[in-house]
Amino acid sequence: MRQSIVLTIILSSVAYASTPKQIADIYLSFETKKLEFLKVDYSKKDAKDRIIPAYESLEKAMNEVKDIEAKAKDDQLTPEGNEMAYVLEILAPLKDLASSLMSKEDCEKARHEHALNFPVVEDEDSTAISKAIDKLCN
1009 MRQSIVLTII LSSVAYASTP KQIADIYLSF ETKKLEFLKV DYSKKDAKDR IIPAYESLEK
1069 AMNEVKDIEA KAKDDQLTPE GNEMAYVLEI LAPLKDLASS LMSKEDCEKA RHEHALNFPV
1129 VEDEDSTAIS KAIDKLCN
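The sequence shown begins at 1009 in my numbering and counts up by one.
Hints should not be assumed to be uniformly reliable.
Pairs of lysine to aspartate or glutamate residues, derived as EDC-like cross-links and limited to a Cα-Cα distance of at most 20 angstroms, are as follows [stated by the list, open to error]:
#1 Lys1074 to Asp1054
#2 Lys1052 to Asp1131
#3 Lys1052 to Asp1114
#4 Lys1143 to Asp1131
#5 Lys1117 to Glu1091
#6 Lys1143 to Glu1072
#7 Lys1047 to Asp1142
#8 Lys1047 to Glu1072
#9 Lys1047 to Glu1132
#10 Lys1053 to Asp1104
#11 Lys1056 to Glu1072
#12 Lys1029 to Glu1121
#13 Lys1053 to Asp1131
Restraint-style ranges between C-beta atoms, simulated for each label pair [what the hints assert, rightly or not]:
#14 Asp1131 to Arg1058: 32 to 40 angstroms
#15 Ser1051 to Ala1080: 37 to 45 angstroms
#16 Val1128 to Ser1051: 27 to 35 angstroms
What the hints contain is simulated information worked out from the structure, not anything from laboratory work. These numbers were taken from a predicted model, which means no experiment stands behind them. Beta carbons: idealized from backbone N, C-alpha and C, even for Gly.
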């Protein structure tokens, strides 16, 4: 009986120990996809066909991390999971715009949501998203 309890503890410890590596691997792939997402030159013609699948791929990676976090013994979210959620939040206006009719109102909404995500500090991601929104709206 004790041996099976000890074996169970050891096996669950080994599985838990691999959790940070799994998350790190997924996060590295996520970051690569994010950089590719931001570098692509989108047009109105191909925006929906290219932005939506790219966003969904990022979302799938974040969901994998959420699943791993949910199975972990502690109830803390990982920094990687938090960063992935943040990235999806800042990319959402671009995804929403791509799935819309790209009307003047849709463009104003995307610009407004983007401005809410970056009220003070502009960074590389913000600039890339802003340029993509502008290109789709002009």
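Status of each hint after checking the structure:
1. Distance restraint check for Lys1074 and Asp1054: the Cα-Cα separation of roughly 30 angstroms exceeds the 20 angstroms cut-off, and the hinted pair is therefore not satisfied.
2. A distance of roughly 24 angstroms separates the Cα atoms of Lys1052 and Asp1131; the hinted pair therefore is violated under the 20 angstroms criterion.
3. Among the hinted pairs, Lys1052 with Asp1114 is consistent with the structure: their alpha-carbon atoms are about 13 angstroms apart, no more than 20 angstroms.
4. For the hint linking Lys1143 to Asp1131, the alpha-carbon distance of about 18 angstroms falls within 20 angstroms, and the restraint holds.
5. For the hint linking Lys1117 to Glu1091, the alpha-carbon distance of about 24 angstroms lies beyond 20 angstroms, and the restraint is violated.
6. Between Lys1143 and Glu1072 the alpha-carbon distance is near 32 angstroms, which puts this suggested pair outside the 20 angstroms criterion.
7. For the hint pairing Lys1047 with Asp1142, the CA-to-CA distance comes to about 14 angstroms; that is within 20 angstroms, so the pair holds.
8. Taking the CA atoms of Lys1047 and Glu1072, the gap is about 24 angstroms. The hint is violated against a cut of 20 angstroms.
9. Taking the CA atoms of Lys1047 and Glu1132, the gap is about 11 angstroms. The hint holds against a cut of 20 angstroms.
10. The straight-line distance between the Cα atoms of Lys1053 and Asp1104 is roughly 15 angstroms, inside the 20 angstroms bound, and the hint therefore holds.
11. About 24 angstroms separates the Cα atoms of Lys1056 and Glu1072, which puts this hinted pair outside 20 angstroms; it is violated.
12. Between the alpha carbons of Lys1029 and Glu1121 the distance comes to roughly 34 angstroms, so the proposed pair goes past 20 angstroms and is violated.
13. Our distance criterion of 20 angstroms between C-alpha atoms is broken by Lys1053 and Asp1131, whose separation comes to about 27 angstroms.
14. Here the CB-CB span from Asp1131 to Arg1058 is close to 23 angstroms, at odds with the stated 32 to 40 angstroms.
15. In this structure the hint that Ser1051 and Ala1080 lie 37 to 45 angstroms apart at CB holds, the actual value being about 42 angstroms.
16. Judged by the Cβ atoms, the range 27 to 35 angstroms given for Val1128 and Ser1051 holds: they are separated by roughly 31 angstroms.
The structure does not agree with the numbered hints 1, 2, 5, 6, 8, 11, 12, 13 and 14 stated previously, though it agrees with the rest.
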